[in-house]
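**Student:** Sequence:
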Amino acid sequence: MTTMELNAELFRQLSIIAEDESLMRKAVKAVTRLAKQKETEETEYIGKEEILKGIDAGLKEMVERKHSGNKAKTLEELINEL
Numbered sequence: 004m005t006t007m008e009l010n011a012e013l014f015r016q017l018s019i020i021a022e023d024e025s026l027m028r029k030a031v032k033a034v035t036r037l038a039k040q041k042e043t044e045e046t047e048y049i050g051k052e053e054i055l056k057g058i059d060a061g062l063k064e065m066v067e068r069k070h071s072g073n074k075a076k077t078l079e080e081l082i083n084e085l
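What the sequence shown shows, in the working numbering, is residues 4 to 85, in sequence order.
Simulated from the structure, these hints should not be mistaken for laboratory data.
Glycine residues also receive a C-beta, built at the ideal position from the N, C-alpha and C atoms.
Some clues are possibly wrong.
No farther apart than 27 Å at their CA atoms in a straight line, the calculated lysine-lysine pairs in the DSS-like style are these [unchecked claim]:
| hint | residue 1 | residue 2 |
| --- | --- | --- |
| 1 | K41 | K29 |
| 2 | K29 | K39 |
| 3 | K56 | K69 |
| 4 | K39 | K51 |
| 5 | K51 | K41 |
| 6 | K51 | K63 |
With beta-carbon atoms standing in for the labels, derived distance ranges [unchecked claim]:
| hint | residue 1 | residue 2 | range |
| --- | --- | --- | --- |
| 7 | T5 | V34 | 11 to 21 Å |
| 8 | T35 | A11 | 13 to 23 Å |
| 9 | R68 | K39 | 40 to 50 Å |
Between the sequences and the hints, there should be enough to build the whole structure, so can you do that?
**Tutor:** This is the structure in structure tokens:
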């Protein structure tokens, strides 16, 4: 089945139980559980080595700015950029 076909089938099945509040609550719980599981699977783990590389790069950037005369950005400046 394609994603569109699966989507249509899900809605067809939900329409069958739509008038039964108890069954709809169970369906919502099941779908919510699946969504949380997907979010957990997609959460990327950052290892120690990657964290240390990031810290090192940040420190090197600070040293370069200090020697070049460029001052570091304030938190407010960074937020405004976002």
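**Student:** Now tell me, hint by hint, if it's right for this structure.
**Tutor:** Verification of the supplied hints:
For the proposed pair K41 and K29, the alpha carbon gap of about 19 Å is at most 27 Å, so the pair holds. Pair hint K29 plus K39 holds up; C-alpha atoms about 15 Å apart against a cutoff of 27 Å. About 20 Å separates the Cα atoms of K56 and K69, which keeps this hinted pair within 27 Å; it holds. Between K39 and K51 the alpha-carbon distance is near 26 Å, which keeps this suggested pair within the 27 Å criterion.
Distance restraint check for K51 and K41: the Cα-Cα separation of roughly 24 Å lies within the 27 Å cut-off, and the hinted pair is therefore satisfied. Of the pairs offered as hints, the one joining K51 and K63 holds, with about 18 Å between alpha carbons and a cut-off of 27 Å not exceeded. For the pair T5 and V34, the supplied restraint of 11 to 21 Å holds, since their beta-carbon distance comes to about 19 Å. The hint said 13 to 23 Å for the Cβ distance between T35 and A11, and at roughly 21 Å that hint holds.
For R68 paired with K39, a C-beta distance near 42 Å keeps the hint of 40 to 50 Å intact.
The structure fails none of the hints (numbered hints given earlier).
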